[in-house]
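**Student:** So you can see what is in the structure, the chains are spelled out below.
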Amino acid sequence: MSSRRIFARPARFAAIAPYVWMVLLFLVPFGFVLKISLSQTAIAQPPYEPVFDLTAGWEALKAAFAALSIDNFRLLGSDDLYVFAYVRSLTVALTATALLLLIGYPIAYGMARLPKRWQAVAMVLVIVPFWTSFLIRIYAWINILQHDGLLNQILLALHLVSQPVVWLSTDTAMYIGIVYSYLPFMILPLYATLAKMEPVLEEAASDLGAPPWQVFWLVTFPLSLPGVGAGVLLCFIPIVGEFVIPDLLAGSNSLMIGQTLWLEFFTNKDWPVASAAAIVLLVVLLVPLLLYERLQKRQLEQGR
Amino acid sequence: MTDELPRTEAAADALPVAGQPLLRIEGVAKTFGTFRAVDGVSLDIKAGEFFALLGPSGCGKTTLLRMLAGFEAPDEGRILLDGKDIAQALPHERPINMMFQNYALFPHLSVRDNVAFGLKRAGMARADIATRVDEMVALVKLEGLEKRKPDQLSGGQRQRVALARALARRPKLLLLDEPLAALDKKLRENTQGELMELQRRLGMTFIIVTHDQEEAMTMASRIGVMKAGKLAQVAIPRELYEAPRSRWIAEFVGDINLFDGESKLRDGHRLVIGTRDAGALVVAEPREPLGAGKFSVAIRPEKVKLSRRGPVSEAGRETAINRLDGVIADICYLGGTTTYKVKLDTGGMVQASVANSARLDVDAYSLNQHVVAWFTPDDCVVLPS
Numbered sequence: 001m002s003s004r005r006i007f008a009r010p011a012r013f014a015a016i017a018p019y020v021w022m023v024l025l026f027l028v029p030f031g032f033v034l035k036i037s038l039s040q041t042a043i044a045q046p047p048y049e050p051v052f053d054l055t056a057g058w059e060a061l062k063a064a065f066a067a068l069s070i071d072n073f074r075l076l077g078s079d080d081l082y083v084f085a086y087v088r089s090l091t092v093a094l095t096a097t098a099l100l101l102l103i104g105y106p107i108a109y110g111m112a113r114l115p116k117r118w119q120a121v122a123m124v125l126v127i128v129p130f131w132t133s134f135l136i137r138i139y140a141w142i143n144i145l146q147h148d149g150l151l152n153q154i155l156l157a158l159h160l161v162s163q164p165v166v167w168l169s170t171d172t173a174m175y176i177g178i179v180y181s182y183l184p185f186m187i188l189p190l191y192a193t194l195a196k197m198e199p200v201l202e203e204a205a206s207d208l209g210a211p212p213w214q215v216f217w218l219v220t221f222p223l224s225l226p227g228v229g230a231g232v233l234l235c236f237i238p239i240v241g242e243f244v245i246p247d248l249l250a251g252s253n254s255l256m257i258g259q260t261l262w263l264e265f266f267t268n269k270d271w272p273v274a275s276a277a278a279i280v281l282l283v284v285l286l287v288p289l290l291l292y293e294r295l296q297k298r299q300l301e302q303g304r
Numbered sequence: 001m002t003d004e005l006p007r008t009e010a011a012a013d014a015l016p017v018a019g020q021p022l023l024r025i026e027g028v029a030k031t032f033g034t035f036r037a038v039d040g041v042s043l044d045i046k047a048g049e050f051f052a053l054l055g056p057s058g059c060g061k062t063t064l065l066r067m068l069a070g071f072e073a074p075d076e077g078r079i080l081l082d083g084k085d086i087a088q089a090l091p092h093e094r095p096i097n098m099m100f101q102n103y104a105l106f107p108h109l110s111v112r113d114n115v116a117f118g119l120k121r122a123g124m125a126r127a128d129i130a131t132r133v134d135e136m137v138a139l140v141k142l143e144g145l146e147k148r149k150p151d152q153l154s155g156g157q158r159q160r161v162a163l164a165r166a167l168a169r170r171p172k173l174l175l176l177d178e179p180l181a182a183l184d185k186k187l188r189e190n191t192q193g194e195l196m197e198l199q200r201r202l203g204m205t206f207i208i209v210t211h212d213q214e215e216a217m218t219m220a221s222r223i224g225v226m227k228a229g230k231l232a233q234v235a236i237p238r239e240l241y242e243a244p245r246s247r248w249i250a251e252f253v254g255d256i257n258l259f260d261g262e263s264k265l266r267d268g269h270r271l272v273i274g275t276r277d278a279g280a281l282v283v284a285e286p287r288e289p290l291g292a293g294k295f296s297v298a299i300r301p302e303k304v305k306l307s308r309r310g311p312v313s314e315a316g317r318e319t320a321i322n323r324l325d326g327v328i329a330d331i332c333y334l335g336g337t338t339t340y341k342v343k344l345d346t347g348g349m350v351q352a353s354v355a356n357s358a359r360l361d362v363d364a365y366s367l368n369q370h371v372v373a374w375f376t377p378d379d380c381v382v383l384p385s
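Those protein sequences? They're chains F and H, same order as listed.
Each step along the first sequence adds one to the number in full-length UniProt numbering, with nothing skipped, and position 72 is 72.
Each step along the second sequence adds one to the number in full-length UniProt numbering, with nothing skipped, and position 74 is 74.
Chain H on its own, in the form it takes in the complex:
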């Protein structure tokens, strides 16, 4: 099944010319009135990538996507597709297709005609259109529904029609604007998997816009986090999660414990940060030297371990472990994991996420129980605020 599907012309065309990216965004900016929606974004996207633009609403990610589709013209900068500047080209002149947030299916056309719409505009022969439509309908598993109108379909089916319609022209670049936002959780998770599988099979380049960091993490090979019109960080999912560049990114992507730093002290090749809420914390050397500004120590909840007594192997500097004493203040059972909030004796609060690896809760902690929360220096990062 996987092999017999032809690789798309688009993918073949898009073979990188000596390392040239498929899409190059250069200093693109867009202002609405006095509001700078996109503020000097530069980004390269290689052919075959599944790229996610992640950010809170109003961060400019949708505006950036609309500029790629041609619905908005950038005020500054260039958008190069295969080396050609398309920044001012009209939407219908671009070899780029988009899957819209609420699908934007044509309500007066059947599933078949919706999928065929772009092919007819491309002046494809009637017989070829029929073949391609069948192929697309099969690809998104909508066989038998070709004659239905969009309002005779379920949400999930409509989402598939939208996908088939956007893929039918075999665009060099497929843009997906919050494509799964309207689906319920279970369907969303299944569809995520299908989208990834489809993208791999077709060898196409996808750019997805989403505000859901889990969705971005699951699907994308690379993520660009946007904040206030700027790209805050571009990284693979793991790097984004484990080595966020700023406190804001760390908080936006996943849960995190943050302790404001007050002093720093070099201790061999370890750095010791004095914090107000958690005392002195030993941390790994940050990748970029800390500047003069404020900074904080960040640790993900799942990296905080809990135990009734402190870890035995402390003392020595090389194996230094941060240990924080406290009492359980809140328990949140989530099925796969349980999140404990520990009120530290030093005044702060730390969250620990513990996998429920056994069905019987012999290891569970109870409210007000005294515990030690501990973590290694390598598990925490120091972030500029």
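Excised from the complex, chain F in its bound form:
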């Protein structure tokens, strides 16, 4: 009894805190966006209607509710522009995440197999880019990739190309930028799982007759799946909504959904459509999250 009392108040408060956080910082803003997505654009301040005015009385509120419609969502489905933007966002995110996994996995694996004190050094090296502003790093890439930039100078000096290659405003430049920016988010969760894994399991596999590639596929990789899942999610979700990198490095002929959103908000001043686009994006991104959650749950159940 007494032991229960010790925990009562602070524990209950601590248990509620995350929910308060969720409501204030996620659900309430989400409610605003959802409401705007159901409104119509208007030349007014704010630039949409209806506006809920709590002082105008019950009837006005009811009328405002009645004025809400899902027209914006219909528009998103009917206009190619948005569908293409979603498809492109998902394609870019999938491709970039695959590249990140291919590049990040060997790095994380190498780090996890370093002697302990070198692991800390490698960790710092991975994190160091964060000390410089993200935007500055992207501008640095513009510098490297431009017509007379570092990359072209090197390629010309090595006689790999006879004239400067156009890098900027291409998908290649965008992928370089994305992979560069998101690599730490892929490496760190992978490194965490791989470092935890006992190397003796790999020895056991090879002792039982598995050549190195089988050791990797049958033991190392399956056991690192939680890290792969975390890394993939940490990269995939923000890349789908990525705005700055495609805007600065990719061409302007096909837009990602983040760029479309920006255009709707700031150029077209169409808040309702932009909000609807954001809501759809959120729903789309819930799918991989739920899949990951289910995978984790299954692993937990197996673990018991």
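It should be emphasised that the hints constitute simulated quantities derived from the structure, not laboratory data.
In this text, all values refer to a predicted model and were calculated from it rather than measured experimentally.
Glycine included, each C-beta is placed from N, C-alpha and C at the ideal position.
Please note that a few of the clues may not be correct.
Per label pair, the in silico range of CB-to-CB distance [claimed, not checked]: (1) 192/F / 57/H: 46 to 54 Å; (2) 124/F / 197/H: 50 to 58 Å; (3) 89/H / 132/F: 43 to 51 Å; (4) 139/F / 152/H: 52 to 60 Å; (5) 88/H / 106/F: 45 to 53 Å; (6) 197/H / 192/F: 41 to 49 Å; (7) 124/F / 184/H: 52 to 60 Å; (8) 190/H / 95/F: 55 to 63 Å; (9) 190/H / 124/F: 49 to 57 Å.
Restricting the straight-line Cα-Cα distance to at most 25 Å, the calculated cross-link-like pairs of lysine-lysine (BS3-like) are [stated by the list, open to error]: (10) 46/H / 230/H; (11) 294/H / 227/H; (12) 196/F / 149/H; (13) 294/H / 297/F; (14) 84/H / 230/H; (15) 343/H / 264/H; (16) 230/H / 264/H; (17) 297/F / 147/H; (18) 186/H / 141/H.
Got chain F; can you put chain H on it based on the hints?
**Tutor:** Frame of chain F, contents of chain H only:
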């Protein structure tokens, strides 16, 4: 049951070719940085042997085992399996399997898949794999647990899975790295017996690494004691215990009383050693003549007898008996035996281990009681220090 189990192909293959050992280790050495972990070890192991590598931690026994498995490549020397040098072969190319210290079971695979892992790698037919897995699971008495994951098993069950997995490929040589270290005492003793029984039935060659001398004594047909990267002595258990080659081995294997020698005197075919702590002791002639260096007289506690009065049959040289007077200084009751520490009048201390052969302690000695500790010359050995 014993007979219907087929002798393994490995055992059949391993029939010694005109006295050729199954495994020959020749001058193998391994250095890590500046540390010579294994320092010129040579050893022959015959097919069907149960060999134990015994030594304190850091003596190089595990490194030697890892070189046999292929996880480390020796810097010097050769490892011949059936006459073929495998020193540089990769682990997956060797017909040798290992049971790891903490079992190293694959946590994402079921018991069945763990046992089948090596068989699948060997490209065995699906039906044969199923049969072999069933056979192995039955062998280690894990029927009904095939679908479990390793973390749904007890320590003892995991140990069995590891054993089944290592045996499934019927290796020519099975390496066991401290296989019982993680089990509690009772389970460990049972498992020791089962391992021995299994090894006999399968006719396989086992090499076990252990730091537990009792475990090595119980299971192995031959023991190699390692110290600082070298083999200090290779012998059958009895020889190792009764005729250790050095003072260090005598102390490492079992308990022992040691008296530093100060002088030696030949008395007929008996040798009389003068010791500082126990006076003059008559000892049997050592197998190798004593060199110029230091030496000591060693006697196992269970060979020291205690009595209230000295033994009657002394006097004559042929029946000379060493008798040491003292008082009981410490009593340690261990159930089956009692260990007495006797403070000798000459200054030293001698331990005597006495079997508690009767339930009622009419013969037990009490603290500070005057006793005579005695032993025959044949029961002690003279060891170079």
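**Student:** None of the hints should be skipped; say for each whether it holds.
**Tutor:** Structure-based check of each hint:
A hinted range of 46 to 54 Å for the beta carbons of residue 192/F and residue 57/H is inconsistent with their spacing of about 30 Å. Range check, residue 124/F to residue 197/H: Cβ separation about 55 Å, and the 50 to 58 Å hint holds. Between residue 89/H and residue 132/F the C-beta distance comes to about 49 Å, which sits within the given range of 43 to 51 Å. Between residue 139/F and residue 152/H the Cβ separation comes to about 54 Å, which falls inside the hinted range of 52 to 60 Å.
Taking the beta carbon of each, residue 88/H and residue 106/F are about 26 Å apart, not inside 45 to 53 Å as hinted. The hinted window of 41 to 49 Å between residue 197/H and residue 192/F holds, with their beta carbons roughly 44 Å apart. At roughly 44 Å, the beta-carbon separation of residue 124/F and residue 184/H lies outside the given 52 to 60 Å, and the hint is violated. A hinted range of 55 to 63 Å holds for the C-beta pair residue 190/H and residue 95/F, which are about 58 Å apart.
One distance hint, 49 to 57 Å for the beta-carbon pair residue 190/H and residue 124/F, holds here, with the actual separation near 51 Å. About 20 Å separates the Cα atoms of residue 46/H and residue 230/H, which keeps this hinted pair within 25 Å; it holds. Taking the CA atoms of residue 294/H and residue 227/H, the gap is near 20 Å; set against the 25 Å cutoff, the hint holds. The suggested pairing of residue 196/F with residue 149/H holds, with an alpha-carbon distance near 19 Å, which does not exceed 25 Å.
At roughly 68 Å between alpha-carbon atoms, residue 294/H and residue 297/F are farther apart than 25 Å, so this suggested pair is violated. Our distance criterion of 25 Å between C-alpha atoms is met by residue 84/H and residue 230/H, whose separation comes to about 24 Å. A distance of roughly 24 Å separates the Cα atoms of residue 343/H and residue 264/H; the hinted pair therefore holds under the 25 Å criterion. Only pairs whose Cα atoms come within 25 Å are accepted, and residue 230/H paired with residue 264/H is rejected, the gap being roughly 30 Å.
For the proposed pair residue 297/F and residue 147/H, the alpha carbon gap of about 19 Å is at most 25 Å, so the pair holds. For a cut-off of 25 Å, the pair hint linking residue 186/H to residue 141/H stands: about 18 Å separates their Cα positions.
Going down the numbered hints, you'll see the structure goes against 1, 5, 7, 13 and 16, while the others check out.
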